[in-house]
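Asker: What follows is the residue order along each chain.
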Amino acid sequence: MFTIHCLVTETLSRKDVSKTLLKVSRDLEALTSKVDLILASQKRVVPARAIGEKITKNQIPCEALDVMTLLSLPDHLRKTAVAICALRSATAADVAGETGRARAVESNYLNQLVTMKYIQRERKGKKVYFYVSK
Amino acid sequence: MGKVVTIHSSRGGTGKSLISVNTAAVLANKGKNVCLLDLDFRAPTMYVVFKLSTEYWLNNFLNRDCEIENVLYDLTQRYNTKGKFFVGLADPSMLAIREMSMKDRKWEMKALQRLLSLRKLFEERKIDYIIFDTSPGIQYASVNAVVSSDTVVVVTTMDALDIQGTRSMIEDLYEAFGKKTGILLNKVLLPYSLPSLSPLTEADRESLSKQLKETFGIPIFGMIPCYCDVLRTSRTVILAFQNPEHPFAKDVEKFAEVLEEA
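Sequence order for the protein chains is A and B.
Going by my numbering, the first residue of the first sequence is number 93, and it counts up by one from there.
Going by my numbering, the first residue of the second sequence is number 76, and it counts up by one from there.
Keep in mind that the hints were calculated from the coordinates and are not lab data.
Be a bit skeptical, because a hint or two may be false.
[What the hints assert, rightly or not] Restricting the straight-line Cα-Cα distance to at most 27 angstroms, the calculated cross-link-like pairs of lysine-lysine (DSSO-like) are:
| id | chain 1 | residue 1 | chain 2 | residue 2 |
| --- | --- | --- | --- | --- |
| 1 | B | 288 | A | 209 |
| 2 | B | 185 | A | 219 |
| 3 | A | 216 | B | 185 |
| 4 | B | 195 | A | 216 |
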């Protein structure tokens, strides 16, 4: 703090110092809110469980994909999520058929929904099926 | 392919149920196969309109206690309609209303899937129209109905609060799900100089329609004046069946035509 103070007094006027400190304070606030957001999302993605408890593939806890959750999703993911709700279990190609978007795009969105724990993914032979938790 | 229509509103008392019943009646009279489902689980009314009591309700269907066949009543013969006319009722008992308001998110998610599954079922049975009568505002059952439908009809009156609520729902709900939405203006107040059964003139309709389009930015499906005698009529009277020449029934007919084209 002393070093900063010395440097500041040498190079900047008092007015400049207050401006710089204000900017630093704002940046710190922005940084804190971003860290809070990251922590909140981490809490959601990694559910708390007892130490040593193993989770098998079929036991992965899923978030409920109800209409209020659908409303909170961004537009592009909402369309995919509604389609998977209607189809129940489908491949990216099936979802693309429903939404009218490209298969690769749907595959990306479906995987985002899997990461967010709203849906699950299962491989059957060469095909990958996505489904809302049973 | 059939059409799934949700009749919704931002606030209560706009006339959703009356319009749902009469629209279903008009379409069935025209030879369409219609299925009217009461999704207003907080204030069910259809059991009064159709004077029915049943073992299975739509609540049971959503709970996975029964299949849709157990819930539907075939009223084709009772009303002598050209097309098939089915109704499914919501349980009016206090216990059921309380139970429905306490359901969790997982249950609501499954209820949405159950409603979405109806479409395929009705396609197999050649149903032309499924009409959902819903609770007002953003309730789980109503939003589930909106998500499951092709077209949403928002019934609104000229009340300022109603118009404000409708505007926000258009932006926050119907557009979010990309649903085809239209406004049905109900209980339009006529100038005092006209008797209560006077129809709206074409000029009145055009001018109002223009104003509403500017306000809401979505199509206007119809306008129905406030008919005092309709308000006084018993809930069990379905004007489209019992008095099809009544101006209200005629207005619903016009609305049904617009709905068919929408």
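Asker: Hints first: check each against the structure and report whether it holds.
Answerer: Hints and how they fare:
1. B:288 / A:209: Violated, because 41 angstroms separates the two Cα atoms, which is more than 27 angstroms.
2. B:185 / A:219: holds (25 angstroms)
3. A:216 / B:185: Given that 27 angstroms is the threshold and the Cα spacing comes to 24 angstroms, the pair holds.
4. B:195 / A:216: holds (25 angstroms)
The structure does not agree with numbered hint 1 stated previously, though it agrees with all others.
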